[in-house]
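Asker: Each chain, letter by letter, is given below.
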Amino acid sequence: MTDQKKNDDITVNIYKHRQNPLKNKLGARLLTNEDGHLSSENIKEADKIIAKMCIGCEDHIAQQLEQISTVWNDMKKIEDKALRHEKAQEIFTHAHEIKDIGALCGYTLAAYFAESLRDYISETALNMKNQHIIIQAHIDAMNAVHRGKLKEDGGPVADELKKMVKIAIEKYH
Amino acid sequence: MPLISSGHRKPEPYNLHNFTVLLAEDSVYMQTLISEMLRVFGVGDILTCSDAREAIDLLTITQARASSRHVNKIDILLTDWLMPNGNGEELLSWVRTHENDDIRFMPIIVVSGFTTEKITSATRDLGANEILVKPVSGKLLASRICSVIDTPRAFIETPEFFGPDRRRQDLGFVGENRRNASPSIVEKNI
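Note that the protein sequences, when read in sequence, are chains F and E. Numbering that gives the first Met the number 0 puts the first residue of the first sequence at 0, with every later residue one more than the last. Numbering that gives the first Met the number 0 puts the first residue of the second sequence at 0, with every later residue one more than the last.
It is worth saying that the hints were derived from the structure and are not from the lab. Treat each hint with caution, since some may be false.
[What the hints assert, rightly or not] Okay, the calculated beta carbon distance ranges per label pair:
1. E/S92 <-> F/T69: 32 to 38 Å
2. F/K128 <-> E/D149: 51 to 57 Å
3. F/L82 <-> E/T115: 24 to 30 Å
4. E/P10 <-> F/M163: 22 to 28 Å
[To be verified] Heads up, incomplete: computed chain E residues facing chain F, CB under 7 Å, no partners named:
5. S26
6. G43
7. E53
8. G112
9. P134
10. G137
11. K138
12. A141
13. C145
14. D149
15. P151
Just so you know, even glycine gets a beta-carbon here, dropped at the ideal spot from N, CA and C.
Input sequences plus hints: build the corresponding full structure.
Answerer: Listed below in structure tokens is the structure:
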């Protein structure tokens with residue numbers, strides 16, 4: 000079949016909305032083409048919920064960090080690739096959680112290292128020795144951030160920690 | 000009392016008490032946070048689950064029972080992208096290939112902690128209506144919800160794609176038309 004023939008055979012269906020089903024649900028008086036909005040009071044209230052949830056976030060980050068350390072201690076002893084992969088998945092999930100919560104609650108530095116660890120550990124071809132050094136560097140950095148209660152970008156201490164992890168990645172990756 | 004002409008009156012804010020939202024999020028922390036935010040926005044019914052498989056079960060059961068007076072159809076699906084037992088990718092594919100139109104055309108907002116272009120393109124190409132990049136805020140969540148309400152884009156079906164029109168605006172095209180296929184337009188009440 001020629002390319003021309005193939006193109007002629009392509010059918011594109013376009014499904015258009017005759018009505019706006021979600022606006023219908025909001026009531027007939029809102030059936031205009033104008034964009035709507037949610038109450039600004041409710042939006043402020045939602046932001047207050049975020050602030051309230053962030054009050055206890057340090058403990059939650061600490062728990063996740065502890066779990067990463069536990070899984071990592073197990074993982075270091077495992078040579079079987081499939082089992083190591085399972086443990087790496089666990090670390091990935093905890094790091095992802097720290098990244099999300101850290102970014103939400105202003106723990107930018109914890110989020111930075113967690114994201115870096117998450118992205119590193121998701122790689123499939125991991126060399127055991129190199130992996131050991133890089134993961135340990137991330138965990139050490141996150142522990143230091145937690146112990147120092149470093150919020151936002153963390154200042155000169157943060158720069159040192161970032162440098163340490165960067166060197167580990169550049170040298171052993 | 001003087002009579003003052005109000006001119007153009009600002010419309011009232013949306014009241015979402017009739018809405019049912021399904022939230023798929025594996026992190027208990029984020030699930031609690033987002034459902035509380037939805038509650039504050041006035042969403043009447045919030046269903047939660049922690050992975051794609053549970054979401055699929057809930058969508059199947061809820062939509063099957065939606066003919067009953069006591070069960071509301073799910074209006075908006077909010078899903079995390081990365082979940083351990085069945086992720087957002089799996090869920091989007093399932094929804095957009097479903098035979099039931101209520102499910103297939105459902106508005107989907109992907110909530111993602113990944114900011115890469117690759118993930119953004121993947122969510123769009125799998126048929127997500129909106130992407131909400133974490134960290135969430137009241138304003139961001141509200142804007143994505145309003146966007147799916149205000150701008151229900153047409154759905155496009157080609158051999159490789161099914162989902163909301165990925166072109167959000169018609170930018171026009173100057174030059175020779177080299178397309179041979181003329182699309183068949185199916186108007187459907189969705």
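Asker: All hints, please: hold or fail.
Answerer: Hint-by-hint comparison with the structure:
1. Here the CB-CB span from E/S92 to F/T69 is close to 34 Å, well matched to the stated 32 to 38 Å.
2. Checked against the hint of 51 to 57 Å, the C-beta distance between F/K128 and E/D149 comes to roughly 55 Å, which is consistent with it.
3. Range check, F/L82 to E/T115: about 29 Å between beta-carbon atoms, so the 24 to 30 Å window is met.
4. For the pair E/P10 and F/M163, the beta carbons lie near 54 Å from each other, so the given range of 22 to 28 Å is not met.
5. Against a cut-off of 7 Å between C-beta atoms, the interface hint on E/S26 holds, since the closest Cβ of chain F lies about 5 Å away.
6. Nearest Cβ of chain F to the Cβ of E/G43: about 10 Å, over the 7 Å cut. The hint is violated.
7. Hint on E/E53 is violated. Least Cβ distance to chain F is approximately 17 Å, over the 7 Å limit.
8. Nearest Cβ of chain F to the Cβ of E/G112: about 5 Å, under the 7 Å cut. The hint holds.
9. Against a cut-off of 7 Å between C-beta atoms, the interface hint on E/P134 holds, since the closest Cβ of chain F lies about 4 Å away.
10. Because the smallest distance between the Cβ of E/G137 and any Cβ of chain F comes to about 3 Å, under 7 Å, the interface hint for this residue holds.
11. Checking E/K138 against chain F: minimum C-beta separation of about 6 Å stays under 7 Å; hint holds.
12. Residue-level restraint check for E/A141 holds (minimum Cβ-Cβ distance to chain F is 4 Å; threshold 7 Å).
13. Interface hint status for E/C145: upheld, as the beta-carbon distance to the closest one in chain F is roughly 6 Å, under 7 Å.
14. With a least beta-carbon distance of about 4 Å to chain F, the hint placing E/D149 at the interface is held under the 7 Å criterion.
15. Because the beta carbon of E/P151 sits about 5 Å from the nearest beta carbon in chain F, less than 7 Å, this interface hint is met.
Checked against the numbered hints above, the structure breaks hints 4, 6 and 7 and satisfies the rest.
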